[in-house]
Amino acid sequence: MKIFKYALLAIPFLYFSCDDDNDTPEPINEEEVITTMTVTLVNHQNGSDVITMQTQDLDGDGPNEPVITVSGPLTAGTSYAGSIVWLNEMEDPAENVTEEIVEEQDEHQVFFSASGVDMEFVYMDFDSNGNPVGTQFVLAPLGAGSGSVTITLVHEPAKPNDGLDTAGGSIDIQTTFPVTVE
Amino acid sequence: MNCKCKKCGASFTSKLALVLYSYFSLCCINSFAQNCDKRLSIQVIDLHDGTPLENAIVKTNDLKGSTDFDGNLVFENLCEDTYVLSISHEDCESIVQTVDIKKDTFRKIRLEHHLNELEEIMIISNNRNNSRTLFENKISKEVLDDYNSRTLGEVLKTVTGVSSLNSGSYLSKPVINGLHSSRVILINNGVRLEDQEWGIEHAPSIDINSIDKISIIKGASALKYAGDAVGGVIIAESSREKLLDTVYGNATTNLQSNGRGGGISTNFTKTSSNGWYYRLQGTLKRMGDFETPDYVMTNTGFLEHNLSLKAGLNRIDHGFDVYYSLFSNRLGILRSSHAHTAIDIINAIENDIPHIIEDFSYDINIPRQKISHNLLKLRGFKNFDFGKLSMRYDFQSNDRKEYDIRRGDRTRPALDLNLQTHSIAFDLESKFENNSNLKTGILARYQKNFPDPATGVKRIIPDYKKYDFSLYSVFDIGLSNDWLLEAGIRYDFSHIDAYKYYRTSLWEARNYDELFPEFVVEDLGLNTLTNPKFDFHNISSNIGLKYSINNSENIFFNYSMSSRKPNPSELFSEGLHHSSARIEIGDLSFNSEIGHNFSLTYESSDEKSSLVVNTFANLVDDFIYMIPVDLMPTIAGVFPYWEYKQEDAKLFGFDVKYDRQYFTNFFIGHQFSIIKGYERENDKPLINMPPVNLKNQISYSIPEMNNLNLSLESEYVFRQKEYPNNNFEVFIPTENIYTTLDTSTPPGAYHLLNFASSIGFKPENGGNYKINFRIENLLNNLYKNYLNRLRYFTHEMGRNIMLSVSYSY
Chain A
1 MKIFKYALLA IPFLYFSCDD DNDTPEPINE EEVITTMTVT LVNHQNGSDV
51 ITMQTQDLDG DGPNEPVITV SGPLTAGTSY AGSIVWLNEM EDPAENVTEE
101 IVEEQDEHQV FFSASGVDME FVYMDFDSNG NPVGTQFVLA PLGAGSGSVT
151 ITLVHEPAKP NDGLDTAGGS IDIQTTFPVT VE
Chain B
183 MNCKCKKCGA SFTSKLALVL YSYFSLCCIN SFAQNCDKRL SIQVIDLHDG
233 TPLENAIVKT NDLKGSTDFD GNLVFENLCE DTYVLSISHE DCESIVQTVD
283 IKKDTFRKIR LEHHLNELEE IMIISNNRNN SRTLFENKIS KEVLDDYNSR
333 TLGEVLKTVT GVSSLNSGSY LSKPVINGLH SSRVILINNG VRLEDQEWGI
383 EHAPSIDINS IDKISIIKGA SALKYAGDAV GGVIIAESSR EKLLDTVYGN
433 ATTNLQSNGR GGGISTNFTK TSSNGWYYRL QGTLKRMGDF ETPDYVMTNT
483 GFLEHNLSLK AGLNRIDHGF DVYYSLFSNR LGILRSSHAH TAIDIINAIE
533 NDIPHIIEDF SYDINIPRQK ISHNLLKLRG FKNFDFGKLS MRYDFQSNDR
583 KEYDIRRGDR TRPALDLNLQ THSIAFDLES KFENNSNLKT GILARYQKNF
633 PDPATGVKRI IPDYKKYDFS LYSVFDIGLS NDWLLEAGIR YDFSHIDAYK
683 YYRTSLWEAR NYDELFPEFV VEDLGLNTLT NPKFDFHNIS SNIGLKYSIN
733 NSENIFFNYS MSSRKPNPSE LFSEGLHHSS ARIEIGDLSF NSEIGHNFSL
783 TYESSDEKSS LVVNTFANLV DDFIYMIPVD LMPTIAGVFP YWEYKQEDAK
833 LFGFDVKYDR QYFTNFFIGH QFSIIKGYER ENDKPLINMP PVNLKNQISY
883 SIPEMNNLNL SLESEYVFRQ KEYPNNNFEV FIPTENIYTT LDTSTPPGAY
933 HLLNFASSIG FKPENGGNYK INFRIENLLN NLYKNYLNRL RYFTHEMGRN
983 IMLSVSYSY
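Quick mapping for you: the protein sequence lines, in order, are chains A and B. With the first letter of the first sequence counted as 1, position 33 gets the number 33 in my numbering; the numbers rise by one all the way through. With the first letter of the second sequence counted as 1, position 13 gets the number 195 in my numbering; the numbers rise by one all the way through.
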């Protein structure tokens with residue numbers, strides 16, 4: 001009855017496997033996620049004219065759509081000092097992802113574009129190779145009208161590049177804000 | 183073979199007939215003293231399969247007799263004494279046994295065949311088919327040797343009707359009759375491979391150098407192993423060890439130009455005539471970046487190291503073995519295939535070539551996968567009168583780490599799954615007198631999946647425990663000389679106990695809060711911890727007929743019903759799948775998928791030619807597949823939203839393989855296969871159906887010149903014209919326009935030419951060398967393959983020159 005001897009041999013293994021821990025799995029800190037992008041625009045001529053544009057998607061890839069808000073109209077013929085903050089609000093307290101992006105600035109670039117309104121964007125920060133990053137920028141609305149501004153954060157674009165279409169990499173954030181210029 | 187022991191044929195082993203003491207003694211014996219009235223009945227049987235042995239000579243003192251047709255012999259009028267019996271048979275080893283006679287006695291004597299005949303029996307049993315009425319495609323050791331630097335998926339493509347679904351150059355999954363992943367079951371040395379086979383970018387964890395033979399059953403389950411093989415079964419085996427005092431083995435080294443790498447593989451077997459043996463095998467492969475004719479596919483190299491050990495005792499009537507194998511690799515994923523959004527894919531398609539092309543390198547950078555698969559098997563068997571009983575325990579641990587391009591710490595995997603599986607199985611194979619066989623078995627399995635939370639990324643496959651229990655029975659009977667019938671049934675029970683954090687918003691959007699409130703453990707705000715539990719009861723069955731028209735022609739007909747429970751990915755997917763740049767959503771309310779497969783195969787072969795024609799129709803009820811249903815805006819842009827659906831599907835096709843020898847050493851081969859698949863309700867084509875393909879081969883061999891063989895292969899793959907249109911419009915905000923994301927349209931047809939040659943040498947001091955020289959994609963064509971998931975980002979491999987030298991002893 002060798003066969004049963006072999007069967008006996010297996011028992012320790014089965015036993016080994018039945019280390020039932022009824023523990024529920026621990027929740028995961030979703031560190032990769034960016035839930036919130038806030039763009040702050042401060043009028044160079046008038047420091048109290050501050051416009052914020054924000055997109056916030058608290059459930060990430062869940063079915064709820066991001067909430068996009070723009071605090072007010074921009075003024076034509078002036079320029080704004082722009083800065084961007086990214087947050088991961090899934091973590092508690094919210095993680096400021098901006099620091100990480102600034103640390104890895106040679107792997108990131110923010111791209112700006114406007115449609116329907118005439119605007120100019122100028123990069124104000126550069127990585128160690130002298131290529132633009134875009135967490136700091138200047139936005140200059142050239143004329144009145146209404147349209148939109150699209151801000152795209154790309155991870156690992158080719159640097160330097162001639163724009164978003166050919167930069168490659170992968171898009172981390174892309175949001176289109178409706179804007180009015182008066 | 184002229185072994186009488188076998189010629190007696192299969193007979194009902196649980197032969198109660200042995201109790202029917204035969205009163206017909208061939209040699210009657212004179213009487214001894216007066217109180218000598220005891221009777222000794224003997225039955226001599228074949229130790230291997232219990233077959234009675236006729237004409238076995240039994241001698242004791244001055245008595246001598248031989249067994250009758252049923253192996254029986256009676257000595258009468260024996261005194262109370264101890265007798266020494268010597269039993270001999272022309273085909274078997276003689277043995278001596280003592281027997282104490284105190285009363286009428288029955289003694290069964292088992293004889294073992296001569297060693298050389300054992301050897302033949304072993305070979306026969308090794309070549310036994312898994313089913314007698316299902317046509318099996320076989321891949322021989324020779325073909326495996328020729329492909330020893332490749333992956334399993336590529337070797338399987340040599341079989342008509344089998345293709346592969348690739349993710350780049352190295353990751354390739356077998357596709358049988360248009361179906362793959364969870365629908366194709368892989369059996370490695372008797373063990374069902376549990377290696378997270380559901381993922382399209384998960385290749386089977388088998389080293390082809392550890393395999394000596396592969397059988398492919400299309401469209402049906404081998405019920406002994408599984409009931410859920412809606413697509414088919416691939417059975418990989420290493421050969422049985424010889425029953426001789428010998429040492430044999432092989433060492434192979436190969437080099438190839440594309441990838442600028444190669445591999446070495448060796449195996450060593452020591453056997454002895456008393457049945458003990460051990461075998462060691464190891465493989466090491468290393469490749470750098472593969473190249474298309476025009477550019478380097480950056481970060482596509484890999485490193486693979488495998489080993490396997492086997493040891494055991496191989497006797498005809500009992501034996502056991504211990505088998506351990508480790509498969510491990512580290513492989514790069516094309517650097518430019520890292521897409522995140524639909525726009526990334528549009529840009530990649532528009533660019534035509536990858537946006538990152540670096541100089542050739544052996545580095546395996548991020549993104550990459552790191553896989554290790556451990557398999558331990560203990561098996562024992564013993565032959566009883568009622569059949570061969572075997573018991574198997576196996577343990578598998580599959581560890582998968584995927585490293586992604588991510589912010590922050592890249593030494594940490596983005597996916598870290600560990601899947602452990604324990605199985606215990608008992609199988610009984612019985613032969614009956616009327617040329618019928620019964621195989622029955624029982625199996626219990628426990629599986630545990632652990633996704634490591636330290637990744638910092640949402641789990642794709644949740645924590646789960648799965649308990650399986652299966653019973654099967656397969657019966658076959660020869661109805662006449664020409665007709666063979668096989669019928670089988672299998673029952674599988676599965677209990678799944680999973681823990682998963684769902685996004686609360688998704689849980690509610692899918693209405694799960696109303697459908698499955700009992701699953702909720704805790705609402706944590708953003709996420710909800712749930713404990714989904716499922717039971718699946720599945721029945722699968724098989725009925726087949728084989729008709730032998732004559733010695734060289736056979737017809738096989740088979741109907742097979744397979745039942746497959748939804749896999750974890752189909753049940754639990756919930757969120758963004760980065761590598762596909764889409765949101766994938768499973769469904770907790772899925773039931774099992776049932777495949778009804780009808781196949782008809784005609785096979786004819788003679789000395790000069792062979793022809794196999796195979797047709798099939800597979801009607802799959804509740805076929806689980808994914809379709810795009812919507813677009814979903816997220817902070818990273820708009821994503822296509824794909825949902826798993828259950829709809830009825832139908833697949834049908836046929837394939838032909840024809841080989842013919844002309845003159846004495848000229849050989850021409852043809853293979854053609856066509857497969858169609860549709861949703862049954864609206865005739866919409868199914869995705870990823872293999873395109874029609876035609877292969878032709880001419881070869882010429884010169885036996886006088888060291889078996890020199892030269893051959894030219896042509897492979898023409900048509901464009902897949904039938905595909906579901908899953909394209910959709912994507913808004914490109916920076917340009918304020920809509921563009922079509924065309925991930926559906928298949929690439930064009932292509933034609934490849936390959937050259938192959940081999941030559942063998944037998945040096946005087948023994949052993950033999952074989953040299954293979956092969957050039958694939960001889961014309962260095964630039965092409966894309968519909969069945970490559972990365973076809974949006976890259977072309978296929980260019981010309982590849984391969985050289986392999988193998989020495990066997």
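Derived by calculation from the structure, the hints in this document are not laboratory data. The structure presented is a predicted model; accordingly, all values stated were derived computationally and were not measured. Among the hints, erroneous ones may be present.
Listed next, the stretches of chain A that the computed footprint assigns to chain B, with coverage defined by at least 3 CB atoms under 8 Å from CB atoms of chain B [claimed, not checked]:
1) 50-62
2) 98-104
3) 108-122
4) 128-140
5) 151-162
Backbone N, C-alpha and C fix where the C-beta goes; we use that ideal spot for every residue, glycine too.
Quiz item: Which of the numbered hints are not met once you compare them with the structure shown?
Solution: 4
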